[in-house]
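Add chain D to chain Z, keeping to what the hints say.
So the chains spell out like this:
2 protein chains.
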Amino acid sequence: MPNRIVSYFNRIEPLTDKEKEAILDGIKVVQFKKGEFLIKAGQYLRQTYFVLEGCVRQYFIVDGIEKTTNFFVEDQWILSTGDPNDVKPSNFSLRFIENTLLVVGDEERSKALLSQFPKFQDLSRRAIQNEYDRQRELSELLITKTPEQRYSYILERQPGLIDRIPLYHLASYIGITPESLSRIRKRLAT
Amino acid sequence: MPNRIVSYFNRIEPLTDKEKEAILDGIKVVQFKKGEFLIKAGQYLRQTYFVLEGCVRQYFIVDGIEKTTNFFVEDQWILSTGDPNDVKPSNFSLRFIENTLLVVGDEERSKALLSQFPKFQDLSRRAIQNEYDRQRELSELLITKTPEQRYSYILERQPGLIDRIPLYHLASYIGITPESLSRIRKRLAT
Chain Z
113 MPNRIVSYFN RIEPLTDKEK EAILDGIKVV QFKKGEFLIK AGQYLRQTYF
163 VLEGCVRQYF IVDGIEKTTN FFVEDQWILS TGDPNDVKPS NFSLRFIENT
213 LLVVGDEERS KALLSQFPKF QDLSRRAIQN EYDRQRELSE LLITKTPEQR
263 YSYILERQPG LIDRIPLYHL ASYIGITPES LSRIRKRLAT
Chain D
113 MPNRIVSYFN RIEPLTDKEK EAILDGIKVV QFKKGEFLIK AGQYLRQTYF
163 VLEGCVRQYF IVDGIEKTTN FFVEDQWILS TGDPNDVKPS NFSLRFIENT
213 LLVVGDEERS KALLSQFPKF QDLSRRAIQN EYDRQRELSE LLITKTPEQR
263 YSYILERQPG LIDRIPLYHL ASYIGITPES LSRIRKRLAT
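First to last, the protein sequences are chains Z and D.
In the working numbering, each residue's number is its place in the first sequence (first place is 1) plus 112.
In the working numbering, each residue's number is its place in the second sequence (first place is 1) plus 112.
Same shape as in the complex, but just chain Z (with noise of 0.2 Å):
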């Protein structure tokens, strides 16, 4: 299971063996179970995170109500609120919806690995980078979709995803009622 992060970067730029071993060596993996959380609002997400398996829901609590604003999934970085050196508490919670497997990032290993193998300071660049770029996309389609495009788009995009959430949890993320995401989906069945 830890091998898929090592895809993961062999896809972005091609390893040699040697480099597949570093990644693994050492490597922490981390367990959680459906319904446990990473982190609640208020708590410090100080780590970086690999999800190896499963889905950790993204909310915050506004007015009482969660509203949740993101969903992560194999293959996807959890990154740590704020720079390393100075982690502000998070407002928001990362509670696991599915049984999940995350790599743990470690600063001290990571900068070992960095300075043995030149390469991953460009992996870990672009890494950083497709995390950005799918922020970039989740902003524009809050501001350029309708909520009915929104859920044609990640039907489009992340077919799998789609089965894998609660339909409250969705709808709340796609900035609707429960109820008008059904009306949606009848619509789009038909």
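Derived by calculation from the structure, the hints in this document are not laboratory data.
Be careful, since some hints might not be right.
One copy or any two copies: either way a pair holds, since identical chains are not told apart in the list.
Claimed, not checked - Derived DSSO-like pairs: lysine-lysine, alpha-carbon spacing no greater than 30 Å straight-line:
#1 K140 / K152
#2 K145 / K200
#3 K200 / K132
Frame of chain Z; chain D shown alone:
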């Protein structure tokens, strides 16, 4: 003026005089006039830019209407669309709403700096992470706040921005009509 990029990095992590000189040595600064385009939708955004002075508006055209999704001002980066080795045609336009000075990122020069000064590896990752945090904040703003709260938030966090941007662009960015924004402004003023 190019010193602004030195100050930017220096705030993230203090630089030696040698490192400062290396950033400025051979730096490429380009001047744009208000109304000019950095790119139009369909073109390729291959380079990375740093805003020294001025303001760039990002927008999409949706059903014939311009929808504004971002403003880039001093100390912000404009990142290429997608992986540097696999840049996709942009689906948005970038147009200057003020006379603007940009540092143009040069891939070769960046690589030389990164290998000569290992500190820049960390700095460049943190610069991208800063932009990621901004994007994350923007999507959270759109999902968790009402238009009035969004306006207040921008007013509080980037007070200078609101005076620099025409009202109709600001309304589009917040996701409401200019008329609604006027009403919000009147309400907040009393």
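| request: Return the numbers of the hints above that this structure violates; sort them in rising order. | output: The structure conflicts with no hint, since it agrees with every one listed earlier.
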